[in-house]
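Asker: Here's the letter readout for the chains.
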Amino acid sequence: MKYINEKELVEKLKQGDETAFKFIVEEYKDLVYNTAIGIVQNEEDAEDVAQEAFVQVYQSIHNFKGESKLSTWLYRITVTKALDHERKKKRKKRSAILKRIFLTEEDNEIETPDFNHPGVLLDQKENAAELFRAIRKLPENQKVAFVLNKLEGLSYQEISEVMNTSLSSVESLLHRAKTNLKKNLEDYYRKNL
Amino acid sequence: MKQSENIEKRIEAALNSLDGIKRATPGDFFYTRVMARMERYEATLWDKVVSFIAQPAVAIAVFIAVILTNGLVIYNHQGEQSATVVSDFSERGIAEEYNQTFVAVYDPENMAP
Chain A
4 MKYINEKELV EKLKQGDETA FKFIVEEYKD LVYNTAIGIV QNEEDAEDVA
54 QEAFVQVYQS IHNFKGESKL STWLYRITVT KALDHERKKK RKKRSAILKR
104 IFLTEEDNEI ETPDFNHPGV LLDQKENAAE LFRAIRKLPE NQKVAFVLNK
154 LEGLSYQEIS EVMNTSLSSV ESLLHRAKTN LKKNLEDYYR KNL
Chain B
0 MKQSENIEKR IEAALNSLDG IKRATPGDFF YTRVMARMER YEATLWDKVV
50 SFIAQPAVAI AVFIAVILTN GLVIYNHQGE QSATVVSDFS ERGIAEEYNQ
100 TFVAVYDPEN MAP
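Protein chains in written order, with the working numbering: chain A, 4 to 196; chain B, 0 to 112.
Isolated chain A (complex conformation):
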């Protein structure tokens, strides 16, 4: 089933139409999953986050006023869910580390396995895994901006709408993200090459 426009789709969703909900899930599942996987860097966790995001869509569609595009709203929900997931995971990890006080920070880094994004070209797998390792260490805002730009191909303007910030802030975030990534990668290569 196709919907003429977003407004009609949103109206149907607000009425609790299951076909409309199925449509939105099928239409946007890749957008949601790919964004989630870029942030959480784990396929199972990304699946969890994506499911949670759609449950949230179903529950809070009444709050969607149509001031932004539906995709922008979906990006926002996904990013929020993914970051929440990451925070919870970090909290759990910290408490586990506290229990095993003999483990050092470096040991902890080694524990996290490399992430291979399923969409990366075969000859770029190794380089991409190293880049994702560096992305993991970025501050949240920089990570989100970088993932939206590189994995989802969003323009600076679109990122500013998703992150509810100015265009210049996005430019600055991406500049700092690239600088930090270079630094992290340099540190990594100096130790491992």
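In short, the hints are calculated from the structure, not lab data. In this text, all values refer to a predicted model and were calculated from it rather than measured experimentally. Certain hints may be false.
What the hints assert, rightly or not - In the BS3-like style, the derived pairs of lysine-lysine whose C-alpha atoms are separated by at most 25 Å in a straight line are:
id : chain 1 : residue 1 : chain 2 : residue 2
1  : B       : K21       : A       : K25
2  : B       : K21       : A       : K140
3  : A       : K10       : A       : K32
4  : B       : K47       : A       : K128
5  : B       : K21       : A       : K32
6  : B       : K47       : A       : K92
7  : A       : K185      : B       : K21
8  : A       : K185      : B       : K8
9  : A       : K185      : B       : K1
10 : A       : K153      : A       : K32
11 : A       : K102      : A       : K72
12 : A       : K181      : B       : K21
13 : B       : K47       : A       : K91
14 : A       : K181      : A       : K140
15 : B       : K8        : A       : K181
16 : A       : K153      : A       : K102
17 : A       : K92       : A       : K32
To be verified - Selected chain B positions facing chain A (in silico; Cβ < 7 Å):
id : residue
18 : I6
19 : A13
20 : L17
21 : R22
22 : T24
23 : P25
24 : Y30
25 : M37
26 : Y40
27 : A42
28 : V72
29 : G78
Every residue, glycine too, gets a C-beta built ideally from N, C-alpha and C.
The hints should help you fit chain B onto chain A, whose structure is shown.
Answerer: Quick look at chain B alone, frame taken from chain A:
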């Protein structure tokens, strides 16, 4: 010198490694899993409510609150009743003690000739 050139190359390669990346997609039957999660979510919500109410501390607190409310209602009700009785008694008592008879102007027996 050679090593730092090598590192520079690796950094550039890593930064460009996401060029041409394709979107990751969830597995088949994703919609079915979302619906199952929603059902699970609704079930767990009720489970949470029930398990919260069934907690001994909550159950005892609710029990005490109900007993206290009942006690308070009964006490207030009794207080109202006794106050009415007292007031009725006192009015009649005073009247009898001072032998007061209220004469109505239209009473022909007590009217002066």
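Asker: For each hint, tell me whether it holds in the structure or not.
Answerer: Verification of the hints:
As the CA atoms of K21/B and K25/A are separated by approximately 24 Å, the hinted pair is consistent with the 25 Å bound. Distance check on the hinted pair: K21/B and K140/A sit about 23 Å apart at the alpha-carbon level, within 25 Å; holds. Taken as a hint, the K10/A and K32/A pair is honoured in the structure, with Cα atoms around 19 Å apart against an allowance of 25 Å. The hinted pair formed by K47/B and K128/A fails the criterion: a straight-line CA distance of about 44 Å is larger than 25 Å.
Restraint check: the Cα-Cα separation between K21/B and K32/A comes to about 14 Å, which is no more than 25 Å; the hinted pair holds. Pair hint K47/B plus K92/A holds up; C-alpha atoms about 22 Å apart against a cutoff of 25 Å. Pair hint K185/A plus K21/B holds up; C-alpha atoms about 23 Å apart against a cutoff of 25 Å. A threshold of 25 Å between alpha carbons decides the hint, and for K185/A with K8/B the separation of about 11 Å falls inside it, so the pair holds.
Our distance criterion of 25 Å between C-alpha atoms is met by K185/A and K1/B, whose separation comes to about 18 Å. Distance restraint check for K153/A and K32/A: the Cα-Cα separation of roughly 18 Å lies within the 25 Å cut-off, and the hinted pair is therefore satisfied. A distance of roughly 46 Å separates the Cα atoms of K102/A and K72/A; the hinted pair therefore is violated under the 25 Å criterion. Using a Cα cut-off of 25 Å, the hinted pair K181/A and K21/B holds, with the two alpha carbons roughly 21 Å apart.
With a CA separation close to 20 Å, the supplied pair K47/B and K91/A stays within the 25 Å bound. For the given pair, K181/A sits about 12 Å from K140/A by alpha-carbon distance, which is consistent with the 25 Å threshold. Under the criterion of a C-alpha separation no larger than 25 Å, the hint pairing K8/B with K181/A is consistent with the structure, at around 15 Å. Restraint check for K153/A and K102/A: not satisfied, since their Cα atoms lie roughly 37 Å apart, outside the 25 Å limit.
Using a Cα cut-off of 25 Å, the hinted pair K92/A and K32/A holds, with the two alpha carbons roughly 23 Å apart. Because the beta carbon of I6/B sits about 5 Å from the nearest beta carbon in chain A, less than 7 Å, this interface hint is met. Of the supplied interface hints, the one on A13/B holds, with its beta-carbon coming within about 4 Å of a beta-carbon of chain A, less than 7 Å. At its closest, the beta carbon of L17/B sits 5 Å from a beta carbon of chain A; the interface hint therefore holds under the 7 Å criterion.
Interface restraint check for R22/B: the shortest CB-CB distance to chain A comes to about 4 Å, inside 7 Å, so the restraint holds. Given the 7 Å rule on beta carbons, the hint for T24/B holds: about 5 Å separates it from the nearest Cβ of chain A. Taking 7 Å as the C-beta contact cut-off toward chain A, the hint placing P25/B at the interface holds, the least distance being around 4 Å. Interface restraint check: Y30/B against chain A, minimum CB-CB distance 5 Å, threshold 7 Å, status holds.
Because the smallest distance between the Cβ of M37/B and any Cβ of chain A comes to about 6 Å, under 7 Å, the interface hint for this residue holds. At about 6 Å, the closest approach between the beta carbon of Y40/B and any beta carbon in chain A falls short of 7 Å, and the interface hint on this residue holds. The interface hint given for A42/B is broken, as the beta carbon of that residue sits about 13 Å from the closest beta carbon of chain A, more than 7 Å. The beta carbon of V72/B comes no nearer than 40 Å to any beta carbon in chain A, farther than 7 Å, and the hint placing it at the interface is violated.
For G78/B, the interface hint is violated, the least distance from its beta-carbon to any beta-carbon of chain A being 49 Å, above 7 Å.
Violated hints for the displayed structure, listed by number in ascending order: 4, 11, 16, 27, 28 and 29.
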